[in-house]
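Enquirer: Residues per chain, in single letters:
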Amino acid sequence: MTGSAESTDVLIIGSGFGGSIPAYHLAAGGARVLVLERGPWLAAEEFDHDLRLGTSSTRVFEFVVGQGMSVLSGNCVGGGSVVYFAAMPRAPRFVFERQGSIGHRLWPAAITRDALEPWYERVEEALPISPASWDTTTYAGGLWAAACDHAGRTCNPVPAAVDSDLCTNCNWMMSGCRFDAKRSLLLNYLPAALEHGAEIRPLHEVQQITRLADGGYRVHYNTVDEVDYRVVTGGGTVDAKVVIVAAGAGATPVILQRSEPALGTMPHAVGRYFSGNGERLNTAVIDEDKARDLLGLDRGDGRAYEAYQIGRGPTVASWDRLDGSRPEFERYSLEQLYFPPGLGTVLAQVPGADGPSWFGPGKKELLRDWKSWLTIFTMSEDDNEGVFGAPPPTGNANRFSQQMFGFGTISYEPTENTLRGWEKSDADVREILEKDGLAEVLPWTNDVIGAYTVHPLASCRIGDDPATSALDDRHELRGHPGIFVTDGSAVPAGLTVNPAFTIAALAERAVPGIVAALRERGVQVAYGAPSPSGAAGGRRATREFARAAGL
Amino acid sequence: MEESSAERAPDVRTLTLEAFADTVIPGEKRWPGDRAIAGVSIGGGSVQAGALAVLEMPEGGMAPALDDVVAALNVHAEHHRDRVGLPTNEEVPPFTALPWADRTAVLNELTAVGHPEKELWTGLALFCYMAFDTGAHLPTTEALATGHPGLTLMRFQTPDTDGLWRFPDYSYRRPLSKLHPDTLENGSLK
Numbered sequence: 086m087t088g089s090a091e092s093t094d095v096l097i098i099g100s101g102f103g104g105s106i107p108a109y110h111l112a113a114g115g116a117r118v119l120v121l122e123r124g125p126w127l128a129a130e131e132f133d134h135d136l137r138l139g140t141s142s143t144r145v146f147e148f149v150v151g152q153g154m155s156v157l158s159g160n161c162v163g164g165g166s167v168v169y170f171a172a173m174p175r176a177p178r179f180v181f182e183r184q185g186s187i188g189h190r191l192w193p194a195a196i197t198r199d200a201l202e203p204w205y206e207r208v209e210e211a212l213p214i215s216p217a218s219w220d221t222t223t224y225a226g227g228l229w230a231a232a233c234d235h236a237g238r239t240c241n242p243v244p245a246a247v248d249s250d251l252c253t254n255c256n257w258m259m260s261g262c263r264f265d266a267k268r269s270l271l272l273n274y275l276p277a278a279l280e281h282g283a284e285i286r287p288l289h290e291v292q293q294i295t296r297l298a299d300g301g302y303r304v305h306y307n308t309v310d311e312v313d314y315r316v317v318t319g320g321g322t323v324d325a326k327v328v329i330v331a332a333g334a335g336a337t338p339v340i341l342q343r344s345e346p347a348l349g350t351m352p353h354a355v356g357r358y359f360s361g362n363g364e365r366l367n368t369a370v371i372d373e374d375k376a377r378d379l380l381g382l383d384r385g386d387g388r389a390y391e392a393y394q395i396g397r398g399p400t401v402a403s404w405d406r407l408d409g410s411r412p413e414f415e416r417y418s419l420e421q422l423y424f425p426p427g428l429g430t431v432l433a434q435v436p437g438a439d440g441p442s443w444f445g446p447g448k449k450e451l452l453r454d455w456k457s458w459l460t461i462f463t464m465s466e467d468d469n470e471g472v473f474g475a476p477p478p479t480g481n482a483n484r485f486s487q488q489m490f491g492f493g494t495i496s497y498e499p500t501e502n503t504l505r506g507w508e509k510s511d512a513d514v515r516e517i518l519e520k521d522g523l524a525e526v527l528p529w530t531n532d533v534i535g536a537y538t539v540h541p542l543a544s545c546r547i548g549d550d551p552a553t554s555a556l557d558d559r560h561e562l563r564g565h566p567g568i569f570v571t572d573g574s575a576v577p578a579g580l581t582v583n584p585a586f587t588i589a590a591l592a593e594r595a596v597p598g599i600v601a602a603l604r605e606r607g608v609q610v611a612y613g614a615p616s617p618s619g620a621a622g623g624r625r626a627t628r629e630f631a632r633a634a635g636l
Numbered sequence: 026m027e028e029s030s031a032e033r034a035p036d037v038r039t040l041t042l043e044a045f046a047d048t049v050i051p052g053e054k055r056w057p058g059d060r061a062i063a064g065v066s067i068g069g070g071s072v073q074a075g076a077l078a079v080l081e082m083p084e085g086g087m088a089p090a091l092d093d094v095v096a097a098l099n100v101h102a103e104h105h106r107d108r109v110g111l112p113t114n115e116e117v118p119p120f121t122a123l124p125w126a127d128r129t130a131v132l133n134e135l136t137a138v139g140h141p142e143k144e145l146w147t148g149l150a151l152f153c154y155m156a157f158d159t160g161a162h163l164p165t166t167e168a169l170a171t172g173h174p175g176l177t178l179m180r181f182q183t184p185d186t187d188g189l190w191r192f193p194d195y196s197y198r199r200p201l202s203k204l205h206p207d208t209l210e211n212g213s214l215k
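Just so you know, the protein sequences line up as chains A and B, in that order. Heads up, the first sequence is in the numbering used here, so the first residue is 86 and it goes up one at a time. Heads up, the second sequence is in the numbering used here, so the first residue is 26 and it goes up one at a time.
For reference, chain A alone in the conformation it holds in the complex (with noise of 0.2 Å):
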């Protein structure tokens, strides 16, 4: 094999969370980073209002549906900091110890709460997270807690990567925030990274990754059209001393399934494990006249709610079950969320439904309602119970459309396991939100495209045990020394929460490791920069890890 025309320090796959803050610490270090992401680049003013097919709102996602599990993600640079709702609430205390079905602690013996603190903190600072205030909770937000507090139940504004100032509550930020006002990661470690001299290539699309004589990795891309993202435009190799996957919990197992050829056996837990975060929703119509009464709202017009449209995604969420004395699997969050239409309404049900209950002259009617609609998300702690068939011939998935819609090779059979904590998560629903007859109810359904996330995780795990996970404690893949994993796939299991934030947390712990991997393969790099803001109190607080990593 002829050498690439192309070598860097560190290739890496990917530009959410897990590619952009290794992206940043590394060319801030010193080494040459290139950044491959298979999906469009997009400033403020590409980010659309509106749901035409073909604008940002399908140009910046992918929906991949499997068997028995659907899988939504960000498709852009930035990935899924640009289409998430930048909810970031810390992961609670329990979910660490976690065992999900296998007897033994999933997460790794170095990593707890109190462990991963000083990540969160540096995350915090960087983005920044705003703390959470009743001011800045949007009407359905309040609702959902003043049906909590009605119910007997609490109800916390949740923190959240967005800067209030400049948010206009539009309620379009799954297309990208056209107003700056979220803190993606287009506002913070890309700029730091490119500052530094990190490279980023829009709509390269990577293949597979191969061995090198010299112990370095050559990785294969595709380029694809930057409107029909079905049409390969061209492809190339790279050559680099170190490679992190960070393609996403949906695509980065698919990757490493197609390099398990040229690079040997991979380990069991790639493309196994796979988490949805135990997702799961409800929607309720709301009776506007028992908001008023029971609830005591008024939006100062009259109007009691018929706000489902104004927001910033979810503002609240009811944390009585995160509760570590309750058995596991019966642990969760109750969020309060929006979803556009589309996606965010075919899978409601109609309460009643004598006949068809997501179609139909029912489900027009459902609709007459929907600025009565409130939707509540539950994320839960599921089993583990997603795999991966054989990768397709690119990508992660069977484009089927131009962009966003594909068929991909997961499958996910929930277990009672799962489906208890759902079926506990509806009642929970339907006794707060149907209590006096505040509002009707119902899940969605799981029978159109089997059950969904917007948080895949654990699809290339970390862990303490080579039986089942995929990475070492410091994200290193097992058996294949100088392959790093830093995106969602590494969380050993559902979160019962909002994910980012421990993902980017975890990223942020993993750089010194990679420092590390770097230094031993000849690389000049310093770890221990600023954060992208400038600010300097979350390096002080992780000094003293770095310090144990050796740097």
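Because the hints were derived from the structure by calculation, they are not lab data. A quick note: this is a predicted structure, and the numbers were derived from the prediction, not measured. A hint or two may mislead.
[What the hints assert, rightly or not] No farther apart than 25 Å at their CA atoms in a straight line, the calculated lysine-lysine pairs in the PhoX-like style are these: (1) K375/A x K456/A; (2) K203/B x K375/A; (3) K509/A x K215/B; (4) K509/A x K520/A; (5) K203/B x K509/A.
Keeping the supplied structure of chain A fixed, place chain B upon it in accordance with the hints.
Expert: Frame of chain A, contents of chain B only:
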């Protein structure tokens, strides 16, 4: 919209797909004798919302398959018709010839868990559905300005004059519940 059946010469493809779309989100008949639309609902449905335009969009990826889809749907409709003992009707394609309840029964069967063609029929239904609740073939500002039946029925708010949405009034601005007792200053649980 005034349009007579004489001015319009609907082909098998149009009649079949419109009948399918009308089963997903039904509307009212566009003219007396409108065969594609069953007429079980007041106001526009998926057909009036632009389902066929959405299905034909190159962006969606469905267009190249539509001739085959129409043929297959009509075969399923014939089987259903014969199974339940409905009379043959030569005037319109078999799916369009079915009464409303039987169209619904066919769609239910084709999209049921375990049906070997579930992926195809669910996909077709999803595109028809999206036409109604998003107007996926039109810029959303244009859809709202022209009275798109789905977005209008949902009372989707219109944007500011620059085509962007802003909601300056968005919050009750007061505490509405107790916080979880383990809440930290940073907003997470301890």
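Enquirer: Of the numbered hints stated earlier in the document, which are not met by this structure?
Expert: Hints that this structure does not satisfy do not exist here, as all of them hold.
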